[in-house]
Amino acid sequence: MTTPVLEARDVTMRFGGLTAVRSVDFTVNAGEIVGLIGPNGAGKTTFFNCLTGLYVPTEGTVSYKGTVLPPKPHLVTQAGIARTFQNIRLFANMTVLENVLVGRHTRTKEGLWSALLRGPGFKKAERASEERAMELLEFIGLAHKRDHLARNLPYGEQRKLEIARALASEPGLLLLDEPTAGMNPQETRATEELVFAIRDKGVAVLLIEHDMRFVFNLSDRVAVLVQGEKLVEGTSDVVQADERVIAAYLGEPFEGDPGQAEAAEVEAAEAAAGAAADAPGTASSTKGEAQ
Amino acid sequence: MTETTKKTPAPDAVPTPTPAPRGLIPLPAAAARALLLAGGVATAASAFLAWTWTAEFPGNLTINGYPGGLQWLTFTAGVLTALFALASYGIRGLGWLLPARNNAPLVLTALGGFAVTWFTVIAISAELGGVVNLEPGGWIAAIASLLPLLGAFALPQEKTGTDGTKAALKAYIAKPDRIPAAQLGNGWVQRAAITIVTIIGLAVFTYGIDTEYGELFVGYLFVVTFAMWALHTAGLLDRFSQLIAGNRSFTLAMGFAAAIAFPFTQTDDHYANIGVNILIFGTVALGLNIVVGLAGLLDLGYVAFLGVGAYTAALVSGSEFSTISGVHLPFWASALAGAAASLVFGVLIGAPTLRLRGDYLAIVTLGFGEIFRIAVNNMDGDSGPDVTNGPNGIANIPDLNLLGFNFGQPHDIGGFTLGRFANYYLLMVLIMAIVVLVYTRAADSRIGRSWIAIREDETAATAMGINGFRVKLVAFALGAALAGLAGTVSAHVTYSVVPTPYQFAGSTPPNSAFLLAAVVLGGMGTVAGPLLGAALLYLLPEKLVFLQDKSLLAFGIALILLMRFRPEGIIANRRRQLEFHETGQLDVPKQTTLTDEPAVTKAGA
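Taken in sequence, the protein lines are chains A and B.
Heads up, the first sequence is in this note's numbering, so the first residue is 3 and it goes up one at a time.
Heads up, the second sequence is in this note's numbering, so the first residue is 7 and it goes up one at a time.
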């Protein structure tokens, strides 16, 4: 077993009476791509926010490479976990390069005095930051747009830029919240390549996604979150074959239903589920349609 | 649209009435142009006639053969109109005035001439009681200034279609989408151009400060506004900012040279007093710009930091009214003490409040600003410890003495006499230089980027590893320290410090509302913007005495209009301009031709 990069233990998040995430245990190992799926409202993003310190979990701890993380977003990033957002949150009125430079914040030290005095150290650090940022822009293929405002980029490039900005903090683990939302198949495919390339750089990736093909193609492991609880975790095959997962997406028959018509439907659904369990391939396509 | 659809089916049919673009006033284009030129010359010439019979109207407009007061402004506007008209003829040597060959600058200069002339004529009639007070010269001027306007609106206009008069009028003063690329010449030519513009700028600015009566200042505002607008639509301002971008440090040096030259052009120390007050106001506004413009923290109690600096300097100035009398620090020490005290207050106020966002922060800073004033008002030994002498304040603050140079005495330098305020003015220029340096350097650095990131999206910024609270506190404290620094000089300039000016809103600057207005009006996130805003906001109540208690109302209206039509402020930061005006086109960020080295575009102003 490799060393876990991320280890969430018994994470619970309650908002008043609502339990959004219920004692989830979760690990990501070095060099892994892990997918996190679940129906809408299952608590995936809440769980992400717990991991990155945007929310303070009601119970449980999150540790990175063995050290427990303080629930402060900037300290989490400092430690080595970077993230993107479900709705793109770039600094819209900053240039592409500036966005990535902001991502370098935790890996540079120059404070106000250094900026005011402009010693040789300051210039060196600025140049190094810029070089590093340009490398990243080349990596995602946006180097030629360095001086464009982020707001003027097309949607797909904004997503990419957000990833580059996150990578600029030199993370050991990258959290991607729906990286392909709103993308066409070509763009999704390109993103897939990009995620693999990021993994090859030695960064573990945890992603939330609704595009099942994308998730199952990429992920070494997939975890399913339903109503705040982790339902299944395993390889693509295991997850795709799991009846509970199918039920969570498609709904399951409930007992004690008095209606005749409903009863007939339940029977049909059960038959379908049985067939799906026999042939995993069919099940995945059924889930694909559930989007 | 309709025209094209009409045309396509039958191209060989009867000629459709699309053709030659024409103006609102039906006149041949050549006649319109000639009218503009002749009208411009006539307007300029009419300034040499007597407009009224009595010298009761300020500026003495009674002399035939020599313009006076407002007539000079009419003359200037007429000359400008004529120049643009000549340039529109394509006269060699004037082509640079109209790079896009568009009509908007002609229309606007004509409007400027019309506005200032008719304003004068109406002001004469109103103040002296009736049009009977106009000499024939006045009538001639009024008619002469109408001519270029007629010519301007007779000029052919491509866009006057069927969209109605409003759209047509808009098209007349619209800036063309494309200005032909500039040939900026070599380095020396560029520097010469910047120098000339700086000298003209200094002359224009000095004229504005030296206007002796309200009418002249209003006329000045008319001419300057329309002239600047004309230059903007001609594309010359864009061209000049290209020039500046290529010669940034030279422009900065010229700017400061012009600022230093200002007191030498003044014979009356009163105007140097206005100058020093504008500088103090502008410096504080620039400090506020760090807090508001860069970090996006709305601070409504900012003037309190100016107050802290001023009171600190007053306490250690050696004034006999100071409660720690006997202490007399040299200026450098009291300046540092003032800045440090402000910084401490900034941190003390910022630490609890900066955890709030947006509106909450604004309300809390407003509260703290008022707490400062009320506390200072009460620390008189009766209702609190005796620190500030309460409403009486600390009077008799001695003049500064730096290395044997007494700021209270007039000095002769190279034939020019520098009065007391001129001395302080020069000191303030130095302080402003420091503040400008601090602002630009801080903005273009890691910390400056994190301020902007916080302003753009605080959640994303913290997720990028920025300690939001700490970075905001630094911005707050730095802004406070700069205001405190300006406050130390202001204490000496005004001889005494009292609590009253340090309030949220009042009819004279500096107060928090005015400071914020200066930043917003001038242009957030720029260096020149808040300085220009401060100059305007200081000069308006100073010059327009007749507005008196209505000045706040006038400002309110002016601010609303500005926010409606130019929300990014008079001087726009590129970022904000794009934010407020969806141009539909991608920003093309660089004109690589104009810099020698592959310029690194940086964040900030």
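If you are wondering where the hints come from, they were derived from the structure by calculation, not from laboratory data.
Among these hints, one or two may not hold up.
To be verified - So the derived label-pair ranges between C-beta atoms look like this:
(1) A:A130 / B:D244: 30 to 38 Å
(2) B:P162 / A:P156: 55 to 63 Å
(3) A:L119 / B:P573: 29 to 37 Å
To be verified - Here are some chain A residues the structure puts well away from chain B; computed CB gaps all over 10 Å:
(4) R16
(5) Y66
(6) T110
(7) E112
(8) A127
(9) R215
(10) A273
As the list claims (entries may be wrong) - Footprint (simulated), chain A over chain B, 3 or more residues, beta carbon under 8 Å:
(11) 436-448
(12) 455-463
(13) 473-483
Ideal placement from N, C-alpha and C gives every residue a C-beta, glycine not left out.
Hints, one by one, checked against the model:
Taking 30 to 38 Å as the suggested C-beta distance range, the pair A130 of chain A and D244 of chain B conforms, at roughly 35 Å. In this structure the supplied range 55 to 63 Å is violated for P162 of chain B paired with P156 of chain A, their Cβ-Cβ distance being about 40 Å. About 36 Å separates the C-beta atoms of L119 of chain A and P573 of chain B, a value consistent with the hinted range of 29 to 37 Å. Every beta carbon of chain B lies more than 10 Å from that of R16 of chain A, the smallest distance being close to 21 Å; the non-interface claim holds.
With a least beta-carbon separation of about 14 Å from chain B, Y66 of chain A lies farther than 10 Å from that chain, consistent with its non-interface assignment. A beta-carbon of chain B comes within 10 Å of the beta-carbon of T110 of chain A; the shortest separation is about 6 Å. Non-interface status of E112 of chain A relative to chain B is broken: a Cβ of that chain comes within 10 Å, the nearest being about 5 Å off. Listed as outside the interface, A127 of chain A is inconsistent with that label: its C-beta sits roughly 8 Å from the nearest C-beta of chain B, within the 10 Å cut-off.
Consistency note on R215 of chain A: stated as away from chain B, and its beta-carbon is indeed over 10 Å from all of that chain's, at 28 Å minimum. Interface exclusion of A273 of chain A from chain B stands, the closest Cβ pair being 47 Å apart, more than 10 Å. Closer than 8 Å: that is the beta-carbon criterion, and the stretch 436-448 of chain B has 4 residues meeting it against chain A, so the requirement of 3 holds. By the rule of at least three residues with a Cβ nearer than 8 Å to a Cβ of chain A, the coverage given for the stretch 455-463 of chain B holds, with 6 such residues.
Interface restraint, the stretch 473-483 of chain B with chain A: holds (3 residues with C-beta to C-beta distance below 8 Å; minimum three).
Hint compliance for this structure: hints 2, 6, 7, 8 are not met, and every other hint is.
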